[in-house]
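Student: Each chain, letter by letter, is given below.
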Amino acid sequence: MSFMIITMISVMLPRADVAAERVQEVLATHSSIEDPDPAAQVTREKGEGWRGVVSYNDVTFAYPDSDAPTLEHVSFTAEPGKTTAIIGSTGCGKSTLVQLLPRLYDVTEGSITLDGVDVRSIGLEELRRQIGYVPQKRMLFSGTIESNIKYGDPAMSDDDMRAAAEIAQATEFIDGKPDGYQSPIAQGGSNVSGGQNQRLSIARALAIHPKVLVFDDSFSALDYKTDSVLRAKIAEQASDAAVIIVAQRIATIMHAEEILVLDEGRIVGRGTHEELLRSCPEYLEIAKSQLSPAELGLEEEGGAQASAAGAADEKGGER
Amino acid sequence: MPGPMGHRGPAAERAKDFKGTLKKLIRYIAHERIALIVAIACAVISVVFNVVGPRVLGEATTELFNGIAAKVAGTGGIDFGRIGFILASLLCLYVTAAGFNFLQGWLMTGITQRVCYRMRREIIEKVDRMPLGYFETNSVGDVLSRITNDVDTLGQSLNQSVTQLITSVTQIIGVTVMMVSVSAVLAGITFLTIPVSLVLVVVVVGSSQRYFRRQQTLLGRVDGLIEESFSGQSVIKVFNREARAVADFDVDNQRLYESGWKSQFFSGLMQPLMNFVANLAYVAVVIVGAFLAVAGTITLGDIQAFMQYVRNFTQPITQLSQVSNMLQQLSAAAERVFEFLDEAEEGPDAETPALPACKGAVSFDHVRFGYVPNKTIIHDFSCNVEPGQTVAIVGPTGAGKTTLMKLLMRFYDVNAGSITVDGVDLRDYARDDLRRNFAMVLQDTWLFKGSVLENIRYGRADATDDEVRAAARAALADHFIQTLPGGYGFELNEDASNVSQGQKQLLTIARAFIADRPILILDEATSNVDTRTEERIQAAMDALMQGRTSFVIAHRLSTIRNADVILVLKDGDIVEKGTHEELLAAGGFYAELYNSQFAEGPEEE
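For the protein sequence lines, the chains are A and B, in the order given. Using our numbering, read the first sequence as starting at 51 and increasing by one per residue. Using our numbering, read the second sequence as starting at 162 and increasing by one per residue.
To be clear, the hints were calculated from the coordinates, so they are not data collected in a lab. A virtual CB, placed ideally from N, CA and C, is assigned to each residue, including glycine. Check each hint, because a few of them may be wrong.
Claimed, not checked - Below are the DSSO-like pairs computed for lysine-lysine, each with C-alpha atoms no more than 30 Å apart in a straight line:
no., chain 1, residue 1, chain 2, residue 2
1, B, LYS567, A, LYS227
2, B, LYS536, B, LYS731
3, B, LYS287, B, LYS177
4, B, LYS738, A, LYS227
5, A, LYS275, B, LYS731
6, A, LYS283, A, LYS187
7, B, LYS731, A, LYS227
8, B, LYS398, A, LYS187
9, B, LYS536, A, LYS275
10, B, LYS398, A, LYS283
11, A, LYS283, B, LYS731
12, B, LYS731, B, LYS567
13, B, LYS398, A, LYS96
14, A, LYS187, A, LYS132
15, A, LYS187, B, LYS567
16, A, LYS227, A, LYS187
17, A, LYS275, B, LYS738
18, B, LYS287, A, LYS187
19, A, LYS187, B, LYS610
20, B, LYS536, B, LYS567
21, A, LYS227, B, LYS536
22, B, LYS398, A, LYS132
23, A, LYS96, A, LYS283
24, A, LYS187, B, LYS731
25, A, LYS275, B, LYS567
As the list claims (entries may be wrong) - Non-contacting residues of chain B with respect to chain A, defined by C-beta distances greater than 10 Å in every case (computed):
no., residue
26, LEU251
27, GLY260
28, GLU283
29, VAL288
30, ALA345
31, MET570
32, SER612
Unchecked claim - Quick look at which bits of chain B chain A covers, simulated, 3 or more residues with Cβ under 8 Å:
no., region
33, 379-390
34, 396-405
Throw the hints in and build the complete structure from the sequences for me.
Tutor: In structure tokens:
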């Protein structure tokens, strides 16, 4: 009997050992992004509060396992009440750029500051509380619509939740559901459409009243109309926040105070829509592919409908 | 022995239908009946031989004792020849038993592994047949857990429980027969312990069984949670939810711990308790046996054999209790697997009528549909599409544009009215045959780990390499593929993140080319794509649409303008229908939508 048990153990031990090793591997990995030294930590939440001035100072970033930097010498400042837009082709580092702000990654060189304070000197929680981040991918959590909008602060009031949903243009479809805010959300938000998903993600970010709003290509699944109404609402309701928009669609960002054109990790143009049309060939190329010359104001402007119809003719003619 | 905290959980988590599940499982295994019968026979033979063993050994002891007694009395000596013969036959007995035991183990392992294999395959096949609705309400982690954990548990416990069940029962019967034949009195004493054992088994197993099921359920939930927190890492971090996410996990983890602890503790209790009872019987047999031997009503060898039988008698009872534990585990796991396998599937397939090659005429006739019974999304929609026509579907976000496409692909059935392809109702097609007429290019591209060649060939498995290249050229993807290291042999990684979004889309277009289906469903949204690629995608899509009936979720002006029919959806209903000019002239919702998109020029500022 005892001998049998020993035999059994000798079979099981190596299995346990392998399993334990693999678990240990995960446990032994530590995050490189940590809270600052308490002595050097800057906190303003309790005192004067944060304003939301974000500055990128000569930021260079390379992913740990890559040789070439994803971003090189990026500098810009986003101010409260203003919209800073970032546009560029796929893989140019736009998403990475905004992910550096909440310290999902740390810069390799240079610095990012909030109100002049290096983000690495601000407590992670405090820093992230100032940032309303809307990710590119569908990232809702299983639960209800309510639990998803209240994600950043489960203690928030229902009024705050509704207000956020209102700005995010989500009330219509939420009210249309039989269970309203209690409607279940499946894992990953797979039971709502892409556009609804984005609107809920936006509501989630707005609900925490952030000082900086970051939209990482978050309007792509919205039609133009919802897109423009939503942006107007945000400008109106969250007027004290700095807004950073990453986008592919010119129409989404053409009204931004400053537009940065990113190409292969470098800023190749900056300015307003009109300035860039004149000064930045990359921007013009993107713009031309999406809007007609008339819409871009390169030709004489007629009435809205007439010019649009004209644009349509030209587009149609291209085929 | 339910502890003081044993009654907290809802009673509903007991194994729902223990007997039913086992019956189902037996039917499931019936497939393997020949191997199973042989395995059982081997187990029985092996046990019978083992059971006879002590009796033979007892004979040797008696012989030895008699020999010594005779020597002491001076009447003879030990008959070593006879003892040697007895021991030799004993050896043969045990070797044969071991041989059969080995054969049985070999067979059973094969059976259980085949059953597991079949189950996994059936679950995967089932996944393909499930209506989409199922995955919208059930977590992926749960299904995943059924495939991995439950099938694994099932395999292990099936192997052990069948083997142990057969050997234990045979052993109990065999030992009983042997004991009674040796000494009815001693057998009687031993049998007195049976009720004690039974009571223990019932109490302990009863307590542990429901925790096994709960443990499996919780494991599925914990898996789902882990998956979610992995994919949602960045959001969890930015919204400062790390602590909450861990806390949420802890709640379920704690419950898993509790049910795991209880199920393990109760089942672990069995062995020591049964040992205790066995020892009691052992002592009783030795005492009474001694008296009987002194009285001369029993031989020494018989006592020796009997003591071994007592050991062999309580052991299978212990084993049986373990078997019942295992059966609990087994049925809990099997129940979850069967639950999934028995989940309502898409309605049965019709037999596709013999048809000439599909031309691509599609007709919607008074279609009414809603995902939930009393919430109609599409009220009364009719539309005729001629072969080769292009249908643009426009409308604001969430208007239900994809719903129409899902109906056309028959992921859902219409509630009223009908949809026909080439005049044949969708429901009269076998689903495979119906879907063979469609190719899709969606915004969410789906590529798999494998070479570019394999990914394109996914559209038609028997396509030659040249055909694949031709398709790639048609989709304007050939150029970029050539620039990849390894060209067509370039390996895409698991989420195809080593090519750009636009390139992915070109690959899916190439796939649609090679599939060469008469009807296309295209999602034009090209939001994640850079300019040059976007132009290329649009050109490729235009080429693809040539000569095919196309349904396009349209964003491009040129598509919309050139469409033969534009369907305008609003709040899940088709509000307008017509060509671009007709709709603009009508000045309705389309005109409003159209103008809102393009009134946004710089003059607005």
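Student: Each hint should be assessed against the structure and marked as holding or not.
Tutor: Taking the hints in turn, this is what the structure says about them:
no., hint, in the structure
1, B:LYS567 with A:LYS227, "holds, 20 Å"
2, B:LYS536 with B:LYS731, "holds, 15 Å"
3, B:LYS287 with B:LYS177, "holds, 22 Å"
4, B:LYS738 with A:LYS227, "holds, 27 Å"
5, A:LYS275 with B:LYS731, "holds, 13 Å"
6, A:LYS283 with A:LYS187, "holds, 23 Å"
7, B:LYS731 with A:LYS227, "holds, 16 Å"
8, B:LYS398 with A:LYS187, "holds, 15 Å"
9, B:LYS536 with A:LYS275, "holds, 26 Å"
10, B:LYS398 with A:LYS283, "holds, 27 Å"
11, A:LYS283 with B:LYS731, "holds, 22 Å"
12, B:LYS731 with B:LYS567, "holds, 17 Å"
13, B:LYS398 with A:LYS96, "holds, 22 Å"
14, A:LYS187 with A:LYS132, "holds, 25 Å"
15, A:LYS187 with B:LYS567, "holds, 23 Å"
16, A:LYS227 with A:LYS187, "holds, 23 Å"
17, A:LYS275 with B:LYS738, "holds, 20 Å"
18, B:LYS287 with A:LYS187, "holds, 28 Å"
19, A:LYS187 with B:LYS610, "holds, 20 Å"
20, B:LYS536 with B:LYS567, "holds, 17 Å"
21, A:LYS227 with B:LYS536, "holds, 9 Å"
22, B:LYS398 with A:LYS132, "holds, 25 Å"
23, A:LYS96 with A:LYS283, "holds, 29 Å"
24, A:LYS187 with B:LYS731, "holds, 26 Å"
25, A:LYS275 with B:LYS567, "holds, 25 Å"
26, LEU251, "holds, 20 Å"
27, GLY260, "holds, 19 Å"
28, GLU283, "holds, 23 Å"
29, VAL288, "holds, 14 Å"
30, ALA345, "holds, 29 Å"
31, MET570, "holds, 16 Å"
32, SER612, "holds, 21 Å"
33, 379-390, "holds (count 3)"
34, 396-405, "holds (count 7)"
Every hint from the earlier list agrees with this structure, and none is contradicted.
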